[in-house]
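Now for the letters of each chain:
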Amino acid sequence: MRVELSGVVLDNPVIPASGCFGYGYGMTEFYDINILGSISFKGTTRDARYGNPLPRVAECREGMINAVGLQNPGIDAVIAEELPKMREVFHKPIIANISGFSIEEYVECCKKITTEEQVAIIELNVSCPNVHGGGMSFGTSAESVAEVVRAVKQVVTKPLYVKLTPNVTDIVSIAVAAERAGADGICLINTMLGMRIDTKTRRPIIANKMGGFSGAAVFPVAVRMVYQVAKACNIPVIGCGGVESAGDVIEMMMAGASAVEVGAANLRNPYACKEIIEALPAEMERLEIEKLSDIIGIVE
Amino acid sequence: MYKKGLYKVVSNVRLSAKTMQMVLEGDTQYITRSGQFVNVAVEGKFLRRPISVCDYDENTITLLYDVVGEGTRAMSQMEVGTMLDLLTGLGNGFTEDEPTQHPVLLGGGIGCAPLYNLAKKLIARGVEPVVVLGFNSDSDVVAEDMFKELGIATYVATVDGSYGTKGFVTDVIREYDLQGDYFYACGPMPMLRAVCGGLEWSGEVSLDERMACGFGVCMCCSIETKSGVKRICKEGPVFRKEDLIWK
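These protein sequence lines are chains S and A, in that order.
The working numbering puts the first residue of the first sequence at 118, with every later residue one more than the last.
The working numbering puts the first residue of the second sequence at 2, with every later residue one more than the last.
Be aware that one or more of the hints could be misleading.
Stated by the list, open to error - Cβ pair distances, simulated, as ranges:
| no. | chain 1 | residue 1 | chain 2 | residue 2 | range |
| --- | --- | --- | --- | --- | --- |
| 1 | A | E201 | S | A194 | 31 to 41 Å |
| 2 | A | N60 | S | A268 | 52 to 62 Å |
| 3 | S | E198 | A | I246 | 20 to 30 Å |
| 4 | A | G127 | S | I152 | 29 to 39 Å |
| 5 | A | E59 | S | P246 | 47 to 57 Å |
Unchecked claim - Derived SDA-like pairs: lysine to any residue, alpha-carbon spacing no greater than 20 Å straight-line:
| no. | chain 1 | residue 1 | chain 2 | residue 2 |
| --- | --- | --- | --- | --- |
| 6 | A | K227 | S | R166 |
| 7 | S | K391 | A | G6 |
| 8 | A | K46 | S | S362 |
Because the hints were derived from the structure by calculation, they are not lab data.
Heads up, the beta-carbon is just placed ideally off N, CA and C, and yes, glycines get one too.
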């Protein structure tokens, strides 16, 4: 089940997605998290953030919308308090998910996190609004994605992955721009912009009105985008979006993913990742897959 | 610790037009305090339904729930024998050993539910709580008999005055000049705000909010308190009156 991401070897391809697993240690009440391939930790920014007002979540058919607003204690507290707690219970490579609202902020955070020994990969969340760019998300323009990647690449010593937003007209052009700017890998998809309305009160359910749609319903969109990006790029792709089963992991890998992140599924079933990892060998046998690395991007 | 497991519906009965009572059988060892909640997986619904524990013993859990949407409607139609996937032992409950001699339990609507086990725990400790329940109308009144059967003074208020004292739980306290030294409250936000702002006694409240996970990783139910950001599902749902910030 072993896979590799830019020289980082993972025992298996299953990685809890950022924001759905905290900093890992909160999940040890359920199971030994060292069975995971890696963990992408909660999106971290330069400053501590409370996030958006409540309610932050709305249910959907086969999914959910969230607008947490990047609540996190800030990069310094993450390094001083969260990572030591994470290290105590998790002894594998960690993926550091970093968010920012300006290029300077991304650079500052990445400079700090890259020296953390256990951090093996830095995953840039470019779905946040650029405060200097009229509030447009960095990830919606090939130019601004390239700009962030170039700036961060100069200060990091670890492989740099870019987590792309699917809320764009041409995902391939943005992925290609990230690769050309020096990204070592791509992760996709982040959540899709969605909205729910309480028809009784005639108001949006979540306080932020709109939020990120995730869960099983987005899986086909994620598979499609992973397929397109993996075909167009020569760097590894981490597939993410609606994964709930070992079968989904294999499908995502056949589309072109070298590893797979599991997000919203953890929130309904805290054992989701564990169950997927345990089901993988049987599913591989059923599909006559000897090594998972053999099937990456096997679909023409 | 938490427990995810299958629980068997042993009864599921209607208490009023909108409130149901469900008794489930299964492993309850991770429920350690009154005021904790369970997160119920309903087939066909992506997120679980967080519901406070009304009562529990060695092998049963009693839930009171209002039928407010599709998930709880599906629950209301579940037959005896149905197996339900629950996460149990979630949240920190009420301070059962708070050194109070005259606790007043204040429940608004379905907020009466977690106070029931708390009342039993307080009685077992040798303290006799007074219970005040508030509802919109007489047809909504539930749990009054349950509390009375514990042998404790139980008052009811209805907003429209169709049963008990007209008004809110705070009106009952005024009308009967109830003397307490500590309160435990659960109910809608306006009620909790009125209780925290209007009563001089110290106390604690149980908050309700839309949640995703229920075990502290998604950050969907975080609130700002005087001692920092707290998750209702993890550090809560019960918070000290003195710790809450009312905006």
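*Is the distance from the Cβ of E201(A) to the Cβ of A194(S) consistent with 31 to 41 Å?*
holds, 37 Å
*Taking 20 Å as the top limit, are the C-alpha atoms of K391(S) and G6(A) close enough?*
Distance ~15 Å between K391(S) and G6(A) Cα, so the pair holds.
*Does 20 to 30 Å hold as the CB distance between E198(S) and I246(A), or does it fail?*
holds, 23 Å
_Would the hint linking K46(A) and S362(S) be met if the CA-CA limit is 20 Å?_
Distance of about 17 Å is within 20 Å: holds.
*With a cut-off of 20 Å on the C-alpha distance, tell me whether K227(A) and R166(S) pass.*
holds, 16 Å
_CB-CB spacing for A268(S) and N60(A) relative to the 52 to 62 Å hint_ = For N60(A) and A268(S) the Cβ distance comes to about 59 Å; the hint holds.
_Taking the Cβ atom of E59(A) and the Cβ atom of P246(S), is their distance within the range 47 to 57 Å?_
For P246(S) against E59(A), whose Cβ atoms are near 53 Å apart, the range 47 to 57 Å holds.
*Cβ-Cβ distance between G127(A) and I152(S): within 29 to 39 Å?*
Since the Cβ atoms of G127(A) and I152(S) sit about 48 Å apart, the hinted range of 29 to 39 Å is violated.
Of the numbered hints given earlier, the model fails hint 4 alone.
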